[in-house]
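Take the two lone chains, each set in its own frame, and fit them into one complex as the hints suggest.
Order-wise, the sequence lines are chains A and B. Sequential numbering from 1 applies to the first sequence in this note's numbering. Sequential numbering from 607 applies to the second sequence in this note's numbering.
Since the hints were derived computationally from the structure, they do not count as laboratory data. One thing to keep in mind: the hints can contain errors.
[As the list claims (entries may be wrong)] Rough simulated footprint, nothing fancy, chain B against chain A, three-plus residues with beta-carbon under 8 Å: (1) 214-224; (2) 230-243.
[Said to hold, decoys possible] Derived lysine to any residue pairs resembling SDA-like cross-links, with alpha carbons at most 25 Å apart: (3) A/Lys134 to B/Gly751; (4) A/Lys211 to B/Leu1102; (5) B/Lys645 to B/Gly666; (6) A/Lys107 to B/Gly751; (7) B/Lys856 to A/Gly238; (8) B/Lys874 to A/Phe157; (9) A/Lys127 to A/His6; (10) A/Lys452 to B/Gly1092; (11) A/Lys107 to B/Asn864.
In this text, a Cβ means the ideal position worked out from N, Cα and C, and glycines have one as well.
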Amino acid sequence: MERKKHSTVSNLWFWGKYYLKNEPKVLWIFAGNLLLYPCFHMLALYFPKVTLGLIEGEAAPEELVLVLAGYTLVHLTAKGISQAMLARSDMMLNMERQNVVFKIFLKSLRVNYAYAESQEGRDDFRKGVEVQNKGDDSASSRFIFIVGGLAGTVLTFGLYSTVLGILNRGMVLILLGLAGLGYLLDLRENRFQNSLRQEEAVTGKHYNYMKAAMGDVLAAKDIRIFGMGQWLRERMDGVVGAKEKLERRRAVWVWKNGLLGRALNLVRDLGAYAYLIYAASQGDMAVSDFVLYFGAITGFSGFVREMASGLAGLKQSSEDTEWVRNYLEMPEENVSQGSRHVSELARPVSIEFRDVSFSYHSRERRTQVFSHLNLRIKAGEKLALVGANGAGKTTLVKLLCGFYEPEEGGIYFNGINAAEFSRAQRYSLFSVVFQEVFFPPVRVDESIVLQKAACVDQDRLREALKKADMWDAFQEMGITLDQYRGNLKKGGVELSGGQDQRLLLARALYQDGGILVLDEPTAALDPIAESQVYDAYQKFSDGKTSVFISHRLASTGFSDRIVLLDRGKIVEMGSHQELMEKNGLYAEMFRIQSSYYQAEQEGTGA
Amino acid sequence: MRKVSDLKEHLRNTKTVIKMVNQLDPCWLPLCAAGHLLKVAEGYLALILSAYILDALSRGGGFEKIFKVTAVFCGVIFFLSNVVSWLQLRAEAKKAALYSRYHALTGEKMLSMDFSRINSPECEILKRRIQEDLNWSAGLYSVFGSVDQILRSALNLAGAVAVGFPVMGVMFASELAGTWVTLLAAVAVSAVTTVLATGWMAQFNQRLDCFINSMGGRAPFLGWQFATGGRFHYQNGKDVRIYGAHDLMKQYALDNGNLPEDLAAYQKLSGCLGKSQFCQVASGQILEGMAYIVVGLLALAGSVTMGNVLRYGGCIRNLFGELDSLTKTIPELFLNIQKHMSTMELLELENEMYKGSLPVEKRSDGEYRIEFRNVSFRYPGSEQYALKDFSLKLKVGERLAIVGMNGSGKTTMIKLLCRLYDPDKGEILLNGVDIRKFRQEEYLKLFSVVFQDFRLFSLPLGENVAADCHYDREKVERCLWEAGLGERLEQMPEGLDAFLYKDYEDGVEISGGEAQKIAIARALCKDAPFILLDEPTAALDPISEYEIYRGFDRIAERTTAIYISHRLSSCRFCEKIAVFHEGRIVQTGSHEALLKDEGGKYLELWNAQAQYYQ
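Isolated chain B, as found in the complex (with noise of 0.2 Å):
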């Protein structure tokens, strides 16, 4: 959390947050102000009916004319508690909603990004404070909390001056002295303990934000990275097993967030709040008592009856206690406000990729050509080439099979071909066009790619394929078929209905080979001219490899399709093969004069692996 001082950026802050509150539900704002606005005047109507019993009792009047008007005042108070209570629960109900539409922004927001940016470290450090940001407060409502209380207040102190001003006027013409006296040494030591209340609080804060980033620079602690999924898979729990690896998570999971140095911190600011906690107690209880010492005064006096000292006590600690509380609320508003900057910050980042307007020409025949000239690239924060001055071109119908050992650029190529990154130098061209002057939205529509860490999401199997809700069943259960999921697709009694897992819905488990086929399957719904395979087949055993090989062979037919893939077995149907190392081609041509070229990259592969087989 980074220090904010100034209370124009706090105006600032607080405006841009209540603006997206507005954007997200207009109606919450003036539902919960109505909502307390009434509530508000039905405690003055109690305070005035008190004091009108009061004063008609002390003048001796007749029950039956004093409960007449007690009983319309009642019949209206009951009126409107059932209004206030109505606009409060809706209130209440739109918070909910509220909620969980904000909070689910950061991850929209993941789904427009530029995906170089969301790899990058500045989002990682951006996504990790509001993480912590919102681990000590409750999201959003806090800020809800806040503002409740901020209207209250205000609405009530408005309240109390609209109800109790005539006390002004008796205080100036009353001659007593003491009432002065007591006003103004009350409201003296309440603010005395108000500052100190305040300082404490700051202080408490101050080393709240001191420790929680202690725990992470005196030794890292893991303990709700651990737990709640983020850096452990409860398939992980075998490793720990197997080499005892106990102690060494207890350290970083309980102890590191439980070193005697950091818990002396967290008693010490514990201690702060505590000390806070008191003092506004006393400010809130000094204001209250100084208003009943003053009206009583007032009434000993004989300036003011019995009904109203009530009333005008009431009005009185109303009036102070308001203007006491929202020097709190206030500043406790800044500060969930300030809570919420780094998300504000995550959704106002810009997209920095160049994305142009051109159509895409849509071509019955297909005839789309790409050529890599002289791409170069470097990941960000990374000192070496994934690519080096890397030339490429591909034709429609061909069929692309692309070797070479890990790191040698042959993902880089799929995802600049993607335009996931755009490369440092070069460029790439679509029938002569730079990529980047297409609509991205068009130009994607002509890639389907199963990526070696393809996801599929817990949600219907259909749906899946078709990446969309609406989809076109019979289609989607072709796709399943070619890509050979058909007979497990038949023995689901849902169908493409079906859940998959069951983190979503209690859904079918499939297995590892059986996503890869339905990745495959999403891969072939798509249509797209070209089609990209990043070792689709690693996780299968060698027959459905062979299916799944076999099937494409077939159905590539209409599409033009690149493989990757570390089986060079795999990629011998394909009529020309490219040689990636090191961020370049060193090699194209087909298997056979491939395996001729002597000393070549190729040959070293091929042999590594086909010594196996012979």
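Just chain A, with the same shape it has in the complex (with noise of 0.2 Å):
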């Protein structure tokens, strides 16, 4: 996938648009802030001021406290609210913030399948969640806090310059020249904040790693029998150790480039006394002047300061944006698809491969598999795919899906291009039972039918899982299907493997469709289990179309043509007998396999 690049107000654009649409609120209350934030500083600032002004002026008991509470209250009042405001965009910020993530990975179910499960796909999708899965740092927070926090400062800054301005234009220029070097100063550090991102990000992804794979239940066994507990703990030492020197590093120079920024500071507070207790000295300014002065002078710098950080993390924010709007305004992999119905497809439907080439593209290589395969499965037609691994026969079953797009040349259902359909459609025509079994943690006929509970066809369940056997052992466990999967919640269901499979069953069922695709279903079943479960598939594809891949060659008995790709290229191709009798290499892997169960035959027909 091309990666667009944006601009910072371009992403800013972006979130103003993401929070009008689904949260608007924060928005306001960032604008109020806006006007609150200058107005406390400025409160802030003249408050000794006027207290020193009113006993300088001695003004009577009585006056000096209405004066100082009223100021008070209204200070209190400005401050009070912007920050409970704050405090209030803050949990909509949150929520926010983690509803993006969950939109991410929605998103992540709908791009073209092929990107998703590519190796950029995967890391483009993690670095989404991660920029998003920091706290108040997340990009969709931190761009608010910041932009709102540029805008509250600038305006202040304006006004402390004003303020010191009417004392003297020329020292405003001389705190704006210190201002400017300490900026430098924090430009330079920024930069090498930025140089370490790199190394940090390293480190980062190692301590998770190490963190995940200690704690990894299912690597206990593993752990435990070959005693890597010292091993782990080495790797996760050093991975800390790193972090370790890494920070003090950082610490190191951080506090050498602050050294000169501190003695700027000396300069300028040395500077502002001189000037200031002079021209008080000579009688030229009140005492109460002095110190608003004074304070404007050191305040005035720090709003240098706040300026350049948040210039900084701006950028920031802005590049870890990038992650977040680049996945989420990724085309969804239903564009640029026919819009034809599968319904208008008599069944059983016949598949053609033509001409067809397909190569995985990663970022330093391209690998071809296909190249100009051709390959017809007549209407009801069973099919078996064997070949060793790596021969490409998932590769042939993910384009026929739809997961890839072949390269050149195309696939027909019927005679029809299978571009013509809109790719909901086109994987509505298909069953699938896929080596990786998925069932989350869902109500049980949620968790079969993958659609919501409102939209189960209760019947049409009941059927499916009667066919698949599970019907009377669900009654018998006393499960209803109402009840939860997995453990998240006390007495979830929990299933055995061979059940699992039944099940597996029982959703292909539901869903009919007209192909039926079994990729290496049963793998992990012992004999009787597996047998069981053939011969249930065999049932279920009479009068379907369909296509078996197994490594193990057993299911090839019950398939009326036998394919056997071997470094994507169709070697050879016929019923059992035939391949058996033309003595290749389909032959030679059935002997090998069978070598025992052939000698057994041998042995007990003598």
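Structure, rendered in structure tokens:
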């Protein structure tokens, strides 16, 4: 996928639109806060001056109490409202930051599957979740904080400059100069911090991996048997050590860089004191004004620094935002597909691979899998796909289902190009049992048909479960369909591997797709369960076009035709009988695999 | 999160966590305290300086003298600021390392916990509680934050008393009733707002608690579990697409986390937080206003100079302000600490399994005998026996194949043999001695197991095979060749140092079959007298499967090998086959003998498979 680059302003607009649509209150709060922020800063600046002014002017005690009390009341109202609003928006931002993560996840289910599955797609996804999983530093929250803060700071800075400008314009320029130098130091620090980020990301990745590895429940057996504790601990120590070193380096560098900044502060303070003390000792300045101006001078550079770090933060947030934005704005796989309906197709469906070429692309290389592959599967035919690991069986199935697009040529259903169907329609043409068993921890019925409970056709599900021999099993075990699966809740339903396989069959039955695809579904089953599952599928596949993938050749017995793939090419094709007679690669594989069984045949036959 | 109202318990909890932090890095707390102490000193020096300047100016002092003193003060402050910065940066750096160490503890605990414990429901629940506790805070950083604030407040408070105490004498000496009235009134009002703030905050936390719980209670919400990979693998995306599960996924990953009633509750609770914030700000501002009114009144009465208005005003404000903030930060610390009690609970879980201290005799002849004697076992929380009244003898050099249906107890037997679990009844003996009596690490050295669901780590290939950072390269290479991965190894430019997969470094991708071969090499490399293979070839194609079995036939000569397999063909070369059924051995014997037992389980299993090859 090509990655788009957006400007900071464009990314700001992206979040603006996002919040406008999903949580507009956040924006109003920040706008309101923009007015309050300079307000209470100015109040804070003038407070000592007002107090000392009243004393200097020898005001009446009642006046002093009233003025200061009134002042305090206004101040606390402005600051209090501002803080209360920020606290509320903080909560909203936190909610939204999580929702963005979930939206990224949901998006990963709608993008092109080939991309979602690729290393690049998985990295992009992980990165998008990562930048949203940093609390208040997450892309979606930080952007708003920084922009709001920056705007408030700029306004306040303007007001401070005005106050000082009234006293002495030249001083404002000198202060700006000093602040400029400080800004350069900050920039230098930012550059340094950025240069560490890469290293930081690597140690962070290592740390998270080691942490997960040590806590991996599924690895616990191996860890104990092979005494891997020491190994993993040593690795973890190495990672934490690297982290520690990095932080120490950072501390030393930042301190050294700050040395100059602190010296600049010294110069500024000495200069300001000299100027103000001189003016006051000459009687040109009231003591209360001395306090005001000194406060303004020291505050002034603080705002400049804040602006500098705000700008740097903005850049970082914008970079983080790119990950989120590029993922969320990626086109869905439905786009650019036809609009035909699969109900137009007469069943059973015939399949044709016509001149199909396909290769995998990774960042560094391209691996051709198929080059001008041709294959016809007749309507209602049972096809077995066999071959060694890496022969291209799974790739072929992914092309067939529409997870991958052929680079050249096309796939035809009943002579109609697959590209003419919308993607969702095309998917619904299939009932597929994948190698990876997927039962999310949701209601039992939902986990089987993968639809919301309200959309489940209970009668159809009952039929499917009966056919898959699971209805009675559920009754016996006292499992109802509205229970939850998995161990998330107490009393969650947990089933054996064989039972899960039968539920996968029920899922396929429920979908009732015109084409049945089995991607090595029985690897983990015992011989009797395996045999039962084969029988069940065989029954189910009657009247359907079906494609079976298997490492083991056992499943080929009840196929009409066997296709043997080797490095992306169809090397042999025909019925079991024909291929055995041909005495080629298939026959060799069959013999190796069944050698023990064959030997038995001979043994008992003699 | 549980409710803890008892102050004693809070203090105890805090002590536990702080002790743990100190154990991980004894330097952090002292560094942090020193930094804050000097920072406070720096602040008060600046305050004293401004007081001095103002007084000197009002007295009409000359520029030169005032500036000289100012310069000295500024120099000292500059020096202090450099020391403070150094201390703070060092403390910050330590925080990062501390955080990493601390949050790795739970993973480390998993390494040494009894296996039966790891999989137990109580451990699952505890882990989920930890996740929930840490999800709404910044982990240990929340504790750091609270400790920082409390240290700063306490030291600032002490500074205010030290620098500002003369004002007390002034107040007692002056006859102004207004100062006392103002002080008491302001403290009273501020106390009320603080109480309100705390009340709102408590309500907020309570509601947040309810909110988090109700999100799990009303409708399960799986957003994080899906998005961070706990309950979803990218490959599951195929099922989602084929079966159109998008709506279902959206419901559990997004909608259930945004139910209208939950959002209304969320609104309410963030309202509580807002009100609490307002009250907090109010109490701080009231105290500040009060401080200057009191000192101002004293100044008008001539009891306090202009400069001391700033000095005492600052001190009174700090004194009450920090008292006020301590009333908030201390409960906050307790709350943050409480979120770590689930972690502490996990770390303190004691292992229950008895572990003996007998050394395992090293026998050069490898003469080890294993016996299962009337062993019965149920998995924790299960009512069904996985093994029942199970007996079996194993002699060295033997090759035993175990066959049987899923759930017949094959894998359970291996788990008991390796002491991942202990039998409920009966005993397992090594050379006639109960295996519980042996030193665990030594006992485990006897076994190499390739489990069906074995795991490799994204660390270097060689380390994966040796299960160690330091290893004998020649031996590891030999084992890889024996396992059939030699040719692939030669293709890897980095050889044994190549990282596997892309999770750790940008390493090499390996297929399922290659992974299995690496797992087998690992088992060989351990040189254990017993090798157990729990269906190691399920993901392999026929030719690789054949190669591995043939290889093992040769390798296993040196050792005792136990094979578990669904493929009966692979068991034929074993002299002894044990057929498991419903937690017992129902048949034993050679392949030929077993086939003759008509109506036996073995024949049934055999026929189920052999039919396809006829």
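Now the hints, each set against the structure:
With a cut-off of 8 Å between beta carbons, the segment 214-224 of chain A has 11 residues touching chain B; three or more are needed, and the interface restraint holds. Here the segment 230-243 of chain A counts 10 residues with a CB under 8 Å from a CB of chain B, which clears the bar of 3, and the coverage holds. Our distance criterion of 25 Å between C-alpha atoms is met by A/Lys134 and B/Gly751, whose separation comes to about 16 Å. Restraint check: the Cα-Cα separation between A/Lys211 and B/Leu1102 comes to about 23 Å, which is no more than 25 Å; the hinted pair holds.
Distance hint between B/Lys645 and B/Gly666 is unfulfilled; the C-alpha atoms sit about 32 Å from each other, more than 25 Å. Distance check on the hinted pair: A/Lys107 and B/Gly751 sit about 36 Å apart at the alpha-carbon level, beyond 25 Å; violated. Distance hint between B/Lys856 and A/Gly238 is unfulfilled; the C-alpha atoms sit about 41 Å from each other, more than 25 Å. In summary, the hint linking B/Lys874 to A/Phe157 is not supported, as the alpha carbons are separated by about 36 Å, beyond the 25 Å threshold.
About 17 Å separates the Cα atoms of A/Lys127 and A/His6, which keeps this hinted pair within 25 Å; it holds. For the given pair, A/Lys452 sits about 50 Å from B/Gly1092 by alpha-carbon distance, which is inconsistent with the 25 Å threshold. Between A/Lys107 and B/Asn864, the direct Cα distance comes to roughly 17 Å. Compliance with the 25 Å bound is thereby established for this hinted pair.
Hint compliance for this structure: hints 5, 6, 7, 8 and 10 are broken, all remaining hints hold.
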